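Top to bottom, those sequences are chains A, B, C and D.
Each number in the working numbering comes from the position in the first sequence (counting from 1) with 39 added on.
Each number in the working numbering comes from the position in the second sequence (counting from 1) with 39 added on.
Each number in the working numbering comes from the position in the third sequence (counting from 1) with 39 added on.
Each number in the working numbering comes from the position in the fourth sequence (counting from 1) with 39 added on.
Worth flagging that the hints you see were computed from the coordinates, not collected in a lab.
Since we're looking at a predicted model, the values are computed, not measured.
Careful, some of the hints might be misleading.
Intra- or inter-copy, both count: the list cannot distinguish identical chains.
[Stated by the list, open to error] Derived PhoX-like pairs (lysine-lysine); straight-line CA-CA distance at most 25 angstroms:
id	residue 1	residue 2
1	Lys91	Lys127
2	Lys60	Lys273
3	Lys84	Lys127
4	Lys91	Lys110
5	Lys284	Lys91
6	Lys127	Lys286
7	Lys286	Lys91
8	Lys273	Lys286
9	Lys127	Lys284
10	Lys127	Lys60
11	Lys60	Lys286
4 protein chains.
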Amino acid sequence: RGRLFLIAGPCVIESEAHVRKMADSIQRIASDLGVPYIFKASYDKANRTSIKSFRGPGLVEGCRILRAVAKDTGLPVLTDVHTPQDCKDASEALGDVEAVLQIPAFLCRQTDLLIAAAETGRAINVKKGQFVAPWDMRHAVEKIRESGNQRVFLTERGASFGYNNLVVDMRSLPVMRGFAPVVFDGTHSVQTPSAGNGVSGGQPEFIPVLARAAVAAGIDGVFLEVHDNPAQAKSDGANALHLEKLKPVLDQLLAVHQAVSASRV
Amino acid sequence: RGRLFLIAGPCVIESEAHVRKMADSIQRIASDLGVPYIFKASYDKANRTSIKSFRGPGLVEGCRILRAVAKDTGLPVLTDVHTPQDCKDASEALGDVEAVLQIPAFLCRQTDLLIAAAETGRAINVKKGQFVAPWDMRHAVEKIRESGNQRVFLTERGASFGYNNLVVDMRSLPVMRGFAPVVFDGTHSVQTPSAGNGVSGGQPEFIPVLARAAVAAGIDGVFLEVHDNPAQAKSDGANALHLEKLKPVLDQLLAVHQAVSASRV
Amino acid sequence: RGRLFLIAGPCVIESEAHVRKMADSIQRIASDLGVPYIFKASYDKANRTSIKSFRGPGLVEGCRILRAVAKDTGLPVLTDVHTPQDCKDASEALGDVEAVLQIPAFLCRQTDLLIAAAETGRAINVKKGQFVAPWDMRHAVEKIRESGNQRVFLTERGASFGYNNLVVDMRSLPVMRGFAPVVFDGTHSVQTPSAGNGVSGGQPEFIPVLARAAVAAGIDGVFLEVHDNPAQAKSDGANALHLEKLKPVLDQLLAVHQAVSASRV
Amino acid sequence: RGRLFLIAGPCVIESEAHVRKMADSIQRIASDLGVPYIFKASYDKANRTSIKSFRGPGLVEGCRILRAVAKDTGLPVLTDVHTPQDCKDASEALGDVEAVLQIPAFLCRQTDLLIAAAETGRAINVKKGQFVAPWDMRHAVEKIRESGNQRVFLTERGASFGYNNLVVDMRSLPVMRGFAPVVFDGTHSVQTPSAGNGVSGGQPEFIPVLARAAVAAGIDGVFLEVHDNPAQAKSDGANALHLEKLKPVLDQLLAVHQAVSASRV
Chain A
40 RGRLFLIAGP CVIESEAHVR KMADSIQRIA SDLGVPYIFK ASYDKANRTS
90 IKSFRGPGLV EGCRILRAVA KDTGLPVLTD VHTPQDCKDA SEALGDVEAV
140 LQIPAFLCRQ TDLLIAAAET GRAINVKKGQ FVAPWDMRHA VEKIRESGNQ
190 RVFLTERGAS FGYNNLVVDM RSLPVMRGFA PVVFDGTHSV QTPSAGNGVS
240 GGQPEFIPVL ARAAVAAGID GVFLEVHDNP AQAKSDGANA LHLEKLKPVL
290 DQLLAVHQAV SASRV
Chain B
40 RGRLFLIAGP CVIESEAHVR KMADSIQRIA SDLGVPYIFK ASYDKANRTS
90 IKSFRGPGLV EGCRILRAVA KDTGLPVLTD VHTPQDCKDA SEALGDVEAV
140 LQIPAFLCRQ TDLLIAAAET GRAINVKKGQ FVAPWDMRHA VEKIRESGNQ
190 RVFLTERGAS FGYNNLVVDM RSLPVMRGFA PVVFDGTHSV QTPSAGNGVS
240 GGQPEFIPVL ARAAVAAGID GVFLEVHDNP AQAKSDGANA LHLEKLKPVL
290 DQLLAVHQAV SASRV
Chain C
40 RGRLFLIAGP CVIESEAHVR KMADSIQRIA SDLGVPYIFK ASYDKANRTS
90 IKSFRGPGLV EGCRILRAVA KDTGLPVLTD VHTPQDCKDA SEALGDVEAV
140 LQIPAFLCRQ TDLLIAAAET GRAINVKKGQ FVAPWDMRHA VEKIRESGNQ
190 RVFLTERGAS FGYNNLVVDM RSLPVMRGFA PVVFDGTHSV QTPSAGNGVS
240 GGQPEFIPVL ARAAVAAGID GVFLEVHDNP AQAKSDGANA LHLEKLKPVL
290 DQLLAVHQAV SASRV
Chain D
40 RGRLFLIAGP CVIESEAHVR KMADSIQRIA SDLGVPYIFK ASYDKANRTS
90 IKSFRGPGLV EGCRILRAVA KDTGLPVLTD VHTPQDCKDA SEALGDVEAV
140 LQIPAFLCRQ TDLLIAAAET GRAINVKKGQ FVAPWDMRHA VEKIRESGNQ
190 RVFLTERGAS FGYNNLVVDM RSLPVMRGFA PVVFDGTHSV QTPSAGNGVS
240 GGQPEFIPVL ARAAVAAGID GVFLEVHDNP AQAKSDGANA LHLEKLKPVL
290 DQLLAVHQAV SASRV
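Chain A with its partners taken away, still in its complex shape:
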């Protein structure tokens, strides 16, 4: 088992200034801890519960900002794509910076989207659908590999458990590691989908609990949406990790990862 890597950032690009502030702050923490770090932010929230919700700056402006951040910080960046056309457009707009394209959970079975993402040649992160069994994510991996791209990893973010609730089945982590490296998304896993009045709620108090558990179960990376003011975040604030808590949470995760890595069963 190697080093644990981190994917983190705000849910959506709220402004260039905010994105830069978050990238800088998180980079400093990750660097101090020796954690490889990928900056995450979305240019468009394409599946908000309500049509009235904030969506982001769009592909063109969003990719311009992500590219600028990547150039200035040296960080790789990650962003979502929603249609085959998006894959091509976003990849071109991101240019020569290191970037990961992410397939949203609801879209993880859209064959054309997976193929188009694969064909950009960039690394692809496929989030497991809330409605997909872990062993079936092998098909998503195959769709990408058979399109000629071997750089694919999978992210667990909870499974449907009744209505407006998700449960993380920790068995999914070793199952999916049989196919590709696996990331645990500690913030979307504590979402309570659409549980509010037109917005999704969250239980951020469980982020450290579930993230510790996932690291102990065995993963390659951790994904966290981090915000310096979750109460004012323009998307998914209800389940974001406060920036102030990032370092203590990472401290714990690294300690657990170290403990697990030292022995094998």
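Given chain A, put chains B, C and D in place with the hints provided.
For chains B, C and D alone, coordinates are given in the frame of chain A:
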């Protein structure tokens, strides 16, 4: 409560000849029973479990066939759309025939898709995601209505229940009828998603059971994938209703609908 | 398919006068409709959420009342049993009246309880546990039959669906009818377990919806907890059917049953 | 956070010799690691899937053996109880040795059983029902405390997730620790209930995964059914941990516990 309508046809357009044969056969049965009928077939199966599965003739050829069938039979037709661009392209290709655009269940939260579908002015059928609570489908309806299109209905096709299994919660039917007319999809509801080796399985023996139950609970229409040779169907054969069983199943559904309509609680 | 039978009454014996009033009222309605009727009331609610809740008059006094009601009305009666000793004691206390012993859902896997109930020679109703797959109820039936008692039937009352919620999987009804006659419990199926502050909530508005669906799916009998004043009921009032609604609900169920019985698929 | 304790032993008492061998073997391992240890074995498996399954030596002989083991090893022992009468009888039969009475998961809402167990004055372990939300276990704790017994703890062993499968929601652990100390049952949590032909299956490969995750999430003790020959075990062999694996698994759990205890979020 008015007349029950029927949406039926093969899962995917296998050939023009097959589509014509199915449309004619089903039209005759529906007409004999006085059931308003919309012909259904997909031009592209965009989310097959495996990348190797048959997908269909594609948008251009598929819409040409659907339009020809509609013109020759006088039937309205229904087909799926998967991206905003698809909505525009399919609607134009279908031309002056009466057609319903259908939003697949996995895509029911994709705001741009719902808006683009709405903007065609055609009637829209939104399938409820396997991961969505019935009361949250109000947001999908609002996304369409606020885009200026009042012709929207919703379809129940089962909710995630553990892995590789769906359950139909009959409470969803009256809940969603509070927002829009509701259709029950009796064939996808008996799917066992990805339960086979790279394909979804099915329990067609439960189609009549669940369809009767849904009609008794109270619905506006019923959706059935029908095939004259399910064992050889190129998609979803495992959960299709055999053409030979369509008439006896509809007989029962109409009897139940009649019984329920005669009284109110 | 034969006539649909009814099991109905208050959740718990609140007083002899109340029990007599309910039995008389429901008997009149059932008799007018030609529905075979079994009076139901519990002498002890053994698994209330809170230790402070009302439990009932106990086995001795409760069975005395049930026996008196049975003698005076000529109705068979049904009551729960919770331990092997209860089976013997209750059966003796009920004496020569026709009585059904009911195994509560949480206890449906307790082998000794099933055997002791079977050994009384009385008809046994086993409620399907919220945690049991329908096909596994064959084991409960076998435990009773192999104890020498062939008079067993099964009752569906919902399956765990996330937390504090149940879903009725209508596929369970034909599955369990492969083993024994099947009853649908329309009132516990709309329970929201422990959803209140130390009490279970309910959604009585869905009783007619689910009961109609179950009859259309195909069942042998229907179970309904009925109260003349649910808001004041001492147990499970939140999901009881108001006595005033019993006749219109039964009217609908009989119409649906008639419609389904007239044809077969 | 204090030391992690261990509850372990064979599912059922197969023979006095076998029980003594298991107790001695596990005691040696626990002692070497400095882990407080409670020996576990059942005298009666009261809810086997099939009536034909092995059940154990019964209360009298079983408690005699447990008492002898406790006296000779100095270990506290734990065993299940199934009726109020069992509590009294088992407690008396166990005599002056330190013993924990365990409430099986299916029975965790049986008020009389909880009260009778509480009234023995012994420590009580209540397993969370597969159908119970974690926050509702507060009622079980209250039933015991209000009966005058403060020595109660709770055990997580998975929640119903569709049919014939359980999922462990790690959020339950901190929720239940708000009420009482919490144990994680790493072997029943990997059961696939009744998934075989009249027997429950299991996924023992996930025992270390889930146990590590639970320790990282935060627990007070771990429960493991351990057998020196799971393939030949007379009950629950499909999900037992092989004795040979106990030491390496405990090594890992202690390392994770240490890592988590050293820091707090």
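For lysine 127 and lysine 286, with the copy left unspecified, which applies at a CA distance of at most 25 angstroms: within, between, both, or neither?
Neither: 36 angstroms inside a copy, 48 angstroms across copies.
Between lysine 273 and lysine 286, at a C-alpha cutoff of 25 angstroms, which is it: within one copy, between copies, both, or neither?
within (23 angstroms within a copy, 49 angstroms between copies)
- Evaluate lysine 284 and lysine 91 at a C-alpha cut-off of 25 angstroms and name the case that applies: within, between, both or neither. Intra 30 angstroms, inter 42 angstroms, cutoff 25 angstroms: neither.
Within a copy, between copies, both or neither: which one fits lysine 286 and lysine 91 at a CA-CA cutoff of 25 angstroms?
neither (34 angstroms within a copy, 45 angstroms between copies)
Given a CA cutoff of 25 angstroms, do lysine 127 and lysine 60 count as a within-copy pair, a between-copy pair, both, or neither? neither (28 angstroms within a copy, 40 angstroms between copies)
Next on the checklist: I want to check one pair: lysine 91 and lysine 110. Are their C-alpha atoms no more than 25 angstroms apart within a copy, between two copies, both, or neither?
Outcome noted: neither (33 angstroms within a copy, 39 angstroms between copies)
Using 25 angstroms as the alpha carbon limit, work out where lysine 60 and lysine 286 are close: within a copy, between copies, both or neither.
-> Close inside one copy (16 angstroms), not across copies (48 angstroms); limit 25 angstroms.
Given a CA cutoff of 25 angstroms, do lysine 60 and lysine 273 count as a within-copy pair, a between-copy pair, both, or neither?
Within one copy, since 16 angstroms is at most 25 angstroms while 52 angstroms is not.
**OP:** Evaluate lysine 91 and lysine 127 at a C-alpha cut-off of 25 angstroms and name the case that applies: within, between, both or neither.
**Re:** between (28 angstroms within a copy, 23 angstroms between copies)
Q.
At most 25 angstroms between CA atoms: does that hold for lysine 127 and lysine 284 within a copy, between copies, both, or neither?
A. neither (36 angstroms within a copy, 46 angstroms between copies)
| task | Up to 25 angstroms between alpha-carbons, please classify lysine 84 paired with lysine 127: within, between, both or neither. | result | both (18 angstroms within a copy, 22 angstroms between copies)
This entry does not satisfy hints 4, 5, 6, 7, 9, 10, going by the numbered hints stated previously.
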